[in-house]
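For this one, chain A is given, so just place chain B on it according to the hints.
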Amino acid sequence: MIHLNGVTDEPFAFGTRQALLANVTLDIPVGRYALLSPAPEMHRQIIDVLCNLRPPRQGFVKHDGNVSWAIGRQGFIRGKANGLSMIDFVSEMYEIDADATHELVADLVSDPKTLAKPMEHWPLYARQEFSFALALAPAFDVYVIEGSIPFEPCRFTRLWLALFEERLIGRTLIFSSYRQNQLADYCLKGLIYERSDLRIEDDLDQCISRFPPRRSRNESGNAGDDVFGGFEDSQLGI
Amino acid sequence: MSNEDRIKGWRSRRKDSSYAVGSGVDAWRLDPTVLFEAKAPPAVLFKPLLARLQGEPHDSVAARRAVYEAVQAELDAEIARGKVDETVADFSRRRLRIIVRLLEQDIRAGVEVFAPGYMPAKLVAEDQRLADAHARRVERRKQDEARDARRHASRNDIALEVELPRDEAADLEILRQHLRVLHDGHHPRMAERRPVGRTLLALFVFQLRVIHGESRIALLWALVGPVVLLTLISSLYILMGTHYILGMDVQTFSLLGATTWIMFRQIIFRSSAAYISARGILNFQGVTPLMCALVQSLIYLSIYLVVFAILISAGHALGFITLPISWGGFVLFVVLMGCCGSAMGLLFGSIATFWHFYLRLAPVIERFLQIFSGVFFVSEQLPEHLRPWVLWSPFAHGMQLLRSAYFEAYESTDASLGYFLTSLVFLMVVALAAERLARPNIQPM
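As they're listed, the protein sequences go chains A and B. The opening position of the first sequence corresponds to residue 94 in my numbering, with each subsequent residue numbered one higher. The opening position of the second sequence corresponds to residue 568 in my numbering, with each subsequent residue numbered one higher.
Isolated chain A (complex conformation):
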């Protein structure tokens, strides 16, 4: 569960200070939520606050249980370090068995050889797979996913989805994506961000019709997270 207590935040985004949240108090109980809003450009900042990756200007965010990092982001998969070092780092930080994590990630990704190479040389699909595979290792209670859930019809997608489906039972998902199908597939409620406020709405279909997901304009100039492009309709890789 995530509690927001009187959260006010005004981060810098797109060159100016944005009024992101204004005195928001909200409890997000166990469930599956689609983050929807008329301004997807601000979803990243909202997720930063929800995951406690950045403290808000005022108020605080409290987590009951383990909240994942923003799965799907690849910011940490860069630089001269290799994938094995990153696995060691995450294992040490989350106090989990590094060897078992190595085996999990290596058995899951399409090309385990890339793990030993510097992350800056990895192809985009390898980064995506690594980001999702590593997120399964810690026992999270709340999964926050930013971007698309893997859907390319391949071994990694099938295995990751099978493991993720099992792990997600009885746990919370907060999902931010411009892929309407995936939002409708995985979520049941809407987490609506509108006019510096966050609220939960039960009717997801109505939420989607009011706030149709679209790609953030900040990402529209690049490939964004659409590394598996061309398989829009196939959600399950079958």
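Because the hints were derived from the structure by calculation, they are not lab data. Remember, it's a predicted structure, so these values are computed and weren't measured experimentally. Just to be clear, a hint being listed does not mean it is correct.
Using 20 Å as the maximum straight-line C-alpha spacing, the simulated SDA-like pairs for lysine to any residue come out as follows [to be verified]:
| hint | chain 1 | residue 1 | chain 2 | residue 2 |
| --- | --- | --- | --- | --- |
| 1 | A | 210 | B | 773 |
| 2 | B | 614 | B | 671 |
| 3 | A | 173 | B | 1012 |
| 4 | B | 606 | B | 664 |
Relative to the frame of chain A, chain B by itself:
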């Protein structure tokens, strides 16, 4: 069809010498075994239709329509009998309609449709188009079913059974075991707040690996800077004929000033850059910009302690450098100077979150401080009236206290431990306050 027509047809067939009674039945009967096969050619429907048309009156549109309708009825009966899937049945009906349309067009155009090997010219292309559309419909239906199953699983909070090939199912079982081991072995403390020290240590090791990955000889360069600067300072003094400064030999005096200051500036630059730039790693909870800056400070402090050890031991072995009277005091003041650098770096990094250009000014500020920080000389070398110009700087106090701890012959009369420590604490408080203000500005990347 009248009885006369049937007799006429029978007589015409009988003229063929190879004719046997009943042998034509197979030619015009629909074969249900191949009719609904996935990749059956259009001939499975076309040939029986044409054979039947040939055997029946086909001179008028009405007569031909009767044949077409009979075939249509037979096809429907086969569909009903075989309980054929609706999509496949729909495909067969559409295929029959295309065949009838093309055949009828040719008959009306006067084409010899009963000639051996005849097939409407466009039939293959049209049938392929129909097959493609059928494949798309099948695919879409599969997707709809998968979507419905997915949504059903979400609504009922159950795991969706993903269909897997046999080898992948075996892999999945192994992966499940890995996850079980990982999740069962989870430290219950993880649900609360993870210890900061553990994250800091993990980040320290990770950053060391990053440095190692960048260049294996990068650390050797850490030796070059101090050697160059100590050579420069020593040369200036020796050229002026000075070999001892207030009882301190010039080489060791220069070594302490040069190495400590280079460590100080490296910590400032690296930690301030880490504070605003290490945004990728901020995607992990518990990793903060403050921690990134501290880790860089720790790394460079450790590196320069090693550099000190190498230069002092090598210099002493060559007879250039004297050993400290108090290793503990010497290391303590080096560490305290490192803390000064760390606080300055944090302050610079915090300012840079509001004013990005500020880090461009950092080298200028550092050069300015270098003049007033006892790198090249100590305040006791200066005339009395000029000493306050140097002693305002807490770093000058720190450097002189360091040399006092190192040399037996030198005891600084100007340096104040109280002033140095108070300034250090004040600097840290200011840096942490600035960091608190700057923290919400730094967003993970």
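Status of the hints after comparison with the structure:
Distance restraint check for residue 210/A and residue 773/B: the Cα-Cα separation of roughly 15 Å lies within the 20 Å cut-off, and the hinted pair is therefore satisfied. Only pairs whose Cα atoms come within 20 Å are accepted, and residue 614/B paired with residue 671/B is accepted, the gap being roughly 14 Å. Between the alpha carbons of residue 173/A and residue 1012/B the distance comes to roughly 17 Å, so the proposed pair stays at or under 20 Å and holds. Straight-line distance between C-alpha atoms of residue 606/B and residue 664/B comes to about 18 Å, which keeps the hinted pair within the 20 Å bound.
Checked against the numbered hints given earlier, the structure satisfies every one of them.
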